[in-house]
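Q: The lines below spell out each chain.
2 protein chains.
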Amino acid sequence: MGELIPNWLLQRSYLTPNRTALVFNGQTWTFQELKDTVHNLAMKVAGYSVTQHSRVAILVKNRPSTVFLIHALQMIGAEIVFLNSRLTASELSYQIKDSETTVLFYDHDFDSSVKDLEKLCSQLKTCSIENLTMSEKYSVNIRNEFNLDEICSIMYTSGTTGKPKGVLQTYGNHWWSSTGSSLNLGLQANDAWLCTVPIFHISGLSILMRSVIYGIPVFLMEEFNEKQANSLLQSGKITIMSVVTVILNRMLTVLKDETYHENFRCMLIGGGPAPLPLLEKCALKKIPVFQTYGMTETSSQIVTLSPEDSFVKLGSAGKPLFPAQIKIVRTDGTEANARETGEISLKGPNITPGYLNRKQSFHDGWFLTGDLGYLDEDGFLYVQDRRSDLIISGGENVYPAEIEAVLMAHDAVDEAGVTGISDSTWGQVAYAFIVGQNVSEEELLQFCQARLASYKIPKRIIQVKELPRNASNKLVRDKLRLLIEGRE
Amino acid sequence: MGELIPNWLLQRSYLTPNRTALVFNGQTWTFQELKDTVHNLAMKVAGYSVTQHSRVAILVKNRPSTVFLIHALQMIGAEIVFLNSRLTASELSYQIKDSETTVLFYDHDFDSSVKDLEKLCSQLKTCSIENLTMSEKYSVNIRNEFNLDEICSIMYTSGTTGKPKGVLQTYGNHWWSSTGSSLNLGLQANDAWLCTVPIFHISGLSILMRSVIYGIPVFLMEEFNEKQANSLLQSGKITIMSVVTVILNRMLTVLKDETYHENFRCMLIGGGPAPLPLLEKCALKKIPVFQTYGMTETSSQIVTLSPEDSFVKLGSAGKPLFPAQIKIVRTDGTEANARETGEISLKGPNITPGYLNRKQSFHDGWFLTGDLGYLDEDGFLYVQDRRSDLIISGGENVYPAEIEAVLMAHDAVDEAGVTGISDSTWGQVAYAFIVGQNVSEEELLQFCQARLASYKIPKRIIQVKELPRNASNKLVRDKLRLLIEGRE
Numbered sequence: 001m002g003e004l005i006p007n008w009l010l011q012r013s014y015l016t017p018n019r020t021a022l023v024f025n026g027q028t029w030t031f032q033e034l035k036d037t038v039h040n041l042a043m044k045v046a047g048y049s050v051t052q053h054s055r056v057a058i059l060v061k062n063r064p065s066t067v068f069l070i071h072a073l074q075m076i077g078a079e080i081v082f083l084n085s086r087l088t089a090s091e092l093s094y095q096i097k098d099s100e101t102t103v104l105f106y107d108h109d110f111d112s113s114v115k116d117l118e119k120l121c122s123q124l125k126t127c128s129i130e131n132l133t134m135s136e137k138y139s140v141n142i143r144n145e146f147n148l149d150e151i152c153s154i155m156y157t158s159g160t161t162g163k164p165k166g167v168l169q170t171y172g173n174h175w176w177s178s179t180g181s182s183l184n185l186g187l188q189a190n191d192a193w194l195c196t197v198p199i200f201h202i203s204g205l206s207i208l209m210r211s212v213i214y215g216i217p218v219f220l221m222e223e224f225n226e227k228q229a230n231s232l233l234q235s236g237k238i239t240i241m242s243v244v245t246v247i248l249n250r251m252l253t254v255l256k257d258e259t260y261h262e263n264f265r266c267m268l269i270g271g272g273p274a275p276l277p278l279l280e281k282c283a284l285k286k287i288p289v290f291q292t293y294g295m296t297e298t299s300s301q302i303v304t305l306s307p308e309d310s311f312v313k314l315g316s317a318g319k320p321l322f323p324a325q326i327k328i329v330r331t332d333g334t335e336a337n338a339r340e341t342g343e344i345s346l347k348g349p350n351i352t353p354g355y356l357n358r359k360q361s362f363h364d365g366w367f368l369t370g371d372l373g374y375l376d377e378d379g380f381l382y383v384q385d386r387r388s389d390l391i392i393s394g395g396e397n398v399y400p401a402e403i404e405a406v407l408m409a410h411d412a413v414d415e416a417g418v419t420g421i422s423d424s425t426w427g428q429v430a431y432a433f434i435v436g437q438n439v440s441e442e443e444l445l446q447f448c449q450a451r452l453a454s455y456k457i458p459k460r461i462i463q464v465k466e467l468p469r470n471a472s473n474k475l476v477r478d479k480l481r482l483l484i485e486g487r488e
Numbered sequence: 001m002g003e004l005i006p007n008w009l010l011q012r013s014y015l016t017p018n019r020t021a022l023v024f025n026g027q028t029w030t031f032q033e034l035k036d037t038v039h040n041l042a043m044k045v046a047g048y049s050v051t052q053h054s055r056v057a058i059l060v061k062n063r064p065s066t067v068f069l070i071h072a073l074q075m076i077g078a079e080i081v082f083l084n085s086r087l088t089a090s091e092l093s094y095q096i097k098d099s100e101t102t103v104l105f106y107d108h109d110f111d112s113s114v115k116d117l118e119k120l121c122s123q124l125k126t127c128s129i130e131n132l133t134m135s136e137k138y139s140v141n142i143r144n145e146f147n148l149d150e151i152c153s154i155m156y157t158s159g160t161t162g163k164p165k166g167v168l169q170t171y172g173n174h175w176w177s178s179t180g181s182s183l184n185l186g187l188q189a190n191d192a193w194l195c196t197v198p199i200f201h202i203s204g205l206s207i208l209m210r211s212v213i214y215g216i217p218v219f220l221m222e223e224f225n226e227k228q229a230n231s232l233l234q235s236g237k238i239t240i241m242s243v244v245t246v247i248l249n250r251m252l253t254v255l256k257d258e259t260y261h262e263n264f265r266c267m268l269i270g271g272g273p274a275p276l277p278l279l280e281k282c283a284l285k286k287i288p289v290f291q292t293y294g295m296t297e298t299s300s301q302i303v304t305l306s307p308e309d310s311f312v313k314l315g316s317a318g319k320p321l322f323p324a325q326i327k328i329v330r331t332d333g334t335e336a337n338a339r340e341t342g343e344i345s346l347k348g349p350n351i352t353p354g355y356l357n358r359k360q361s362f363h364d365g366w367f368l369t370g371d372l373g374y375l376d377e378d379g380f381l382y383v384q385d386r387r388s389d390l391i392i393s394g395g396e397n398v399y400p401a402e403i404e405a406v407l408m409a410h411d412a413v414d415e416a417g418v419t420g421i422s423d424s425t426w427g428q429v430a431y432a433f434i435v436g437q438n439v440s441e442e443e444l445l446q447f448c449q450a451r452l453a454s455y456k457i458p459k460r461i462i463q464v465k466e467l468p469r470n471a472s473n474k475l476v477r478d479k480l481r482l483l484i485e486g487r488e
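Chains as they are written, first to last, in full-length UniProt numbering: chain A, 1 to 488; chain B, 1 to 488.
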């Protein structure tokens, strides 16, 4: 059995009841107020047959009600399935069924998605947050302690097969991620974290967990707005912010020749290495950029590069958090030498115990990421190629195999290959190449739109004579981009 | 099995090799240098048949060689028995035998103690640090990972029976104590901890563990010197210091009307509540005093009162660290109400798994301290009476039962009772009361000196007609002090 430690929100509201927990559009909640609100909500949630270990999905925006709901579900001990609100009803229904979710709480903004979803999942009980808030209260069995081995959250991530896999995240995963991060970044009395990344991603959820564990406020933003974010960072109220390249670029463009308040001490950037011009711009403005490498399976960043190493170790993702380890593994399973490329393997208590209903990616306690990279002589990690040709577009993971499967479902398409192409705005965008009958690009795009979240839809679908394949006739996605260079 | 995390010193020297690890008399070591020195020493230690799980005692001063030795033993995975250097050979031999220690490393200052000890423990292999340093090197099996469930250290503490008990401290206990403390006190890039408390106490050892876990320097002092300590705290190099009342008083007396550098952010005071005049003096000088409650069994402080609450919650020990819990228990085992006195029970991953070869003090996962206290409406702890009439004299624990047992071993003594009397210098000192034949106080004091560490020797041994006893004829130590009031 894992360690038993006090329920984080209960403990936090006992230890520092009057500290600010949450700020949203100028409204604030102390930890005491947050706890009271959450306790109240938990009694309403209990009316929907939610008990310990119930699988409850949420389809929500970055709003205070989401923060309340997550803590309320933790108070009851439910396992929360975080749905990406950009997915289609068909994508969502797969995750609901795979996770055997019984209840869904959602923001009214997603009414129509939920209507479609209900048709696909007839057993699913659904309730909007608005209705939940007006529900009756029931008595509820509050979890005074968290067992660190218990499942806290489930987040879906796609893989090589194209079928999304549910990543199990325990309370311990979040705990070790939080404390590991604080040993790296430090923890100050004036700390406050700006959260503009989606809460349904680990980048957002980890900020909420840190808030209660550290006792620091979250400044929550519903829709990212560069002017508003800049003004917060200039106010001195924010010390840390999590971003992806596209977001930081947008902020800097608007910032022009100004900079941020000296209290702002950490721009935590994930989702692929930061481009050099961006680093240079930040250095000039004395904005401290911490590049990170992490994934849903590591419950947020696990490798971090501090600002002072940004230029010395250009392109590196940094070193592991204190409780974590990196090993580069050759295809034969032995450990690679310095500067020798191999599969990036990770170990540490912040790493998922595994996927729901799936084959695990562990070997001897080490998690095999599928990403390729190397360590230099000083032990700095360089990520060379994302696993399974992963495309990271505006911070969202896009898997070629998933898009290819959709395209090939179209009658006119015989073969499909998808790859990521560099894009100044999004970092990368998906380009699709097909071999098939006479069919227009528009028709295929419409076909995708009905089946894929908008961020997964290829920017271009280009018809070609044949796809690059290797001797065993397997698609070589690396060579797909040559098809564009030849054309444009 | 517990979590596996990287060997702390190896990981720290990998992550931040160039940060300062240790400062002693103006000499400094980086984490890289510390690791190299320690690795070298571990190869010499290996020549003394020390392997994983060997019980190795150390009898040492606060010197760099002690820091090296502790890390070297951790690198091999030996369990370190920390001997209090103020104990007599007879007291030490009890601990050596009880812990089945096979090897002792010691500083040459304790040559004569060790000679006496060798006579009492014929099986014990002994080696001075000087000889160890000059030893040959052997190949050694380095622990790349620590299992948090494994025993790291053993420290003896006396109890009601008077026989010292070996407190087992796991790697996890130290880990959770360190991270729990950092969640409470924060962790800054400029942090540095001044260690003048003995390393053989948990107060000192915990500073060494934090240094490698946090990546901050320890400023080590061999003998406490108030002028030197003040000058360090005025230099801006130190941010945190652990003290007991008597030490802080000595520092303030010498400090006169000056104060400390603004970088100094935490005076962590243990060993009983700080007296009001001391708190007032510190408030005036803007010295931030954090009062704490903790013991060997909790691997350092577990309850802490922050400076802003010092005067609002006068006399309180504060609230628990984030991963820990307090409960006040009635004699019937039920939980007490606010302001109702009962036994202080503690829970948390920083608490010992138990005593060596002894009955455990746990009930349903809760550690029963034996101390009496209450929680107020806000959950602040007030310690009212130390367990088993514990006397805390200058930060050292003194148990009446142990002194009484020694006195009663004297032919002329029929009954003995010992209690703590307030003392402006030491906080408390032991006073003994005896019923017996005609015997001089000097003779009894000499008798004690041969058998007890000097800090345990009663300040006075007073002959009385009878000792206060209750209906069942048990000694009522609380009433012993009335015997003085009647006399003086």
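Heads up, some of the hints might be wrong.
If chains are identical, the list can't say which one is meant, so a pair holds when it fits in one copy or spans any two.
[Said to hold, decoys possible] In silico lysine to any residue, SDA-like type, Cα no more than 20 angstroms apart, as pairs:
| # | residue 1 | residue 2 |
| --- | --- | --- |
| 1 | K286 | D309 |
| 2 | K61 | L368 |
| 3 | K313 | N18 |
| 4 | K237 | G186 |
| 5 | K115 | L368 |
| 6 | K465 | E136 |
| 7 | K237 | T30 |
| 8 | K115 | F362 |
| 9 | K237 | L482 |
| 10 | K327 | N144 |
| 11 | K313 | R19 |
| 12 | K163 | G354 |
| 13 | K61 | S235 |
| 14 | K125 | S112 |
| 15 | K281 | Y48 |
| 16 | K479 | P277 |
| 17 | K97 | G370 |
It should be emphasised that the hints constitute simulated quantities derived from the structure, not laboratory data.
Q: Would you pick out the hints that fail for this structure and give their numbers low to high?
A: 2, 5, 6, 8, 9, 13, 15, 16 and 17
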